[in-house]
Every structure is written in C-alpha cells, then in structure tokens.
Amino acid sequence: MAKTKTRDRMNNEINAGSMADIAFLLLIFFLVTTTIAEDKGILVKLPPWSDEEPDITRLKERNVFSVLVNAQNQLLVREEPARIGELRERAKEFIMNPTKRPDLAEGPRNAIISLKNDRGTDYDTYLAVYNELKGAYDDLWDELSQRRYGQPYSEEMPFAQRKAIRDEIPMVLSEAEPTNFGEEQ
Amino acid sequence: MSKFSKKRGKASPAISTASLPDIIFMLLFFFMMVTVLRDSDLKLQVNTPEATQLTKLDEKSLVNYIYIGRPTQQYQSVYGTSPRIQLGDKISTVDDIPLFLEQHKVKLPEAKRSRITSSLRVDGEVTMGIVQDVKTKLRKSNQLKINYSAGKRTGNLD
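These protein sequence lines map, in sequence, to chains A and B.
Take 1 as the starting number for the first sequence in this note's numbering and just add one per residue.
Take 1 as the starting number for the second sequence in this note's numbering and just add one per residue.
FYI, nobody ran anything at the bench for these hints, they're computed from the structure.
Distance condition first, Cα-Cα at most 25 Å in a straight line; then the derived BS3-like pairs of lysine-lysine:
1) A:Lys116 - B:Lys140
2) A:Lys40 - B:Lys105
3) B:Lys107 - A:Lys40
4) A:Lys40 - B:Lys112
5) A:Lys45 - B:Lys105
6) A:Lys45 - B:Lys107
What you are looking at is a predicted structure, and each value in this text was computed from that prediction instead of being measured.
Go ahead and model the full structure; you've got the sequences and the hints to work with.
So this is what it looks like as structure tokens:
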C-alpha cells in the first residue's frame, strides 16, 4: 500500500515555483556585474592636416586671446600669468566685449582663442584649460539661446536654431604646434 | 441573486505565479544583452581627468578607443614605465594607429564612416608630448572627430 502512495506522488508535475528564485539569482548577478558603460568626454574636431603652419600674424592683436601653458603647468594669458579658475570669465569677457574695450575682440565673430602648450605639460592641466575655454563658449551659447528661444542651448534644439546661435558666436579655438622645452615623462 | 452567490461560492484563487519566471527571465535576458564584459583588458593604468563640458558618445560601434598611460605594475618589466599607447588589446606605437583605424573602419557600413569618433582615454598624469604625437597621427589619417574621455566633475576649480 505504501508503494502505491509514492508512485502517486511521482505523478505530480515538477514544482516550478523555485524557477523564479533561480532566475532571480541570475538576474541579481547580472545586475551587479553590469556597468552600463557610458563614455563621456570633451568632443573636439581637429583641423585637417596641412604642412604649412597657419599664419596668425595677419590677425589684429586685439582679436586674439592667447593662452600658453608651460611645462610647469603655469598659464600665460595674453602675456600675463593667470589661474585656470579665472580663465572662463576672462574668455567670455574677451569674446563678447560688453563694454567695448579697445583691447578685447571686435565682436564674437572676430574672436579667436589660441591655445599653445608644451610637450611637457600635464594632460590634466591641458584638459582643464580646454574645458574652461569650451565652457566659456557653452555658457555664451546658453545665454544667447535663453534670450532668443527661452531655453538653454542643447543638442535637442532644432538644427536651424543651433546653427543661428553658432553663426552668431562661432567657436574658434586654434591650437598651435606645442613647444618643446619641458621634460617629457 | 443566483449570479452573485455563484461567484461568491468559488474560493478566490491565489494569483498564479507561474508566469513570474518568464518575467524574470525577460529581465535577465535584457541585462545579459546590455552587459558588456570588458572587451580589451587594459595593460596601462588610465585615470581619466575630470571635466564639466561633457558630451555623451551614443553609438558605441562608431567609437574606437586609444589608451595612453603608464604600464601597470605587472607589465612594467616588459614595457617599461614611460607612457605607452594601447590599441585594442596590444601595446603599440603611433605608427600602428592608421592600420588600427582602418581595421575599425572596414567593419562599418559606408554611410556611417564619417561619424567615427576616436575616444582618447588618457591618464591625467601623462605629459602632452605623446598625446600630441597621437593627435598629429590622427590628423594625418584624417580621423578628425576625437573625444577626450573624462569623468564628471562636481566640485569647483581652484
């Protein structure tokens, strides 16, 4: 009699209740190991290669905002020492020239930022400087966009609006061939 | 009357959990798909700097990675301690870059090739000399869209 009892039990279907637990375990494993790797960074468009150096001597001095970074990671902005922290505000003032000073750019369309570094400059410093200069333009685009269209500048804006803003304040950031004074490590 | 009493008569059945595994499996497959097991193992130590003006790179297949940094401890006996370039999973020199770019390019359809971005993952402590050499090589290879990979900075600059 007891035998028939066990045989009866074997006829039952397999309990699938623990399947969810197993799946959960796997799910949690993948959840933990997943790093939805996002790559973020400063997007830059390099100029095409040409053998001759661009000639900037024909530019008016007032339209050029020169930034030099030496191998000791020190900054020289328009022939004066400066700190990275003040770079953004100075660049913005230079580009827009709100008070029409005779030594700053004639207008945003004429403004050129020239960046030159040494082969011994730390990448950290270089990127911080680049970030600030790009930030100056981003801020100005935001301001202009806010005034005109009532929203900050973003990639989601219609192409025509973005183009209008970038025509008004074109980003001209020229990088010169670096000097070779510092020690490379 | 009879209608109602009939319904009440049946014991309310427990909610079936039979479809729960299916739902969980669906989630599981989703995460299995998005999980990217690290494709190239890094032989260099790369701590990218932090910045604020960041752009997100969306299409992963259109990005190729160039790592620059010092070899990690275990590779220092082979590659030394000065900064090196890593393309894919091997340590290379600047002269290998055009071939590396070409190999990535041929895998993509023609229409998308103009949108290829090179992401430079450079250690913050590396000096600009080697970075400049890479940039020059990229310009010569006509790969002009580049990205300085960086993390998000929250604090202020000093």
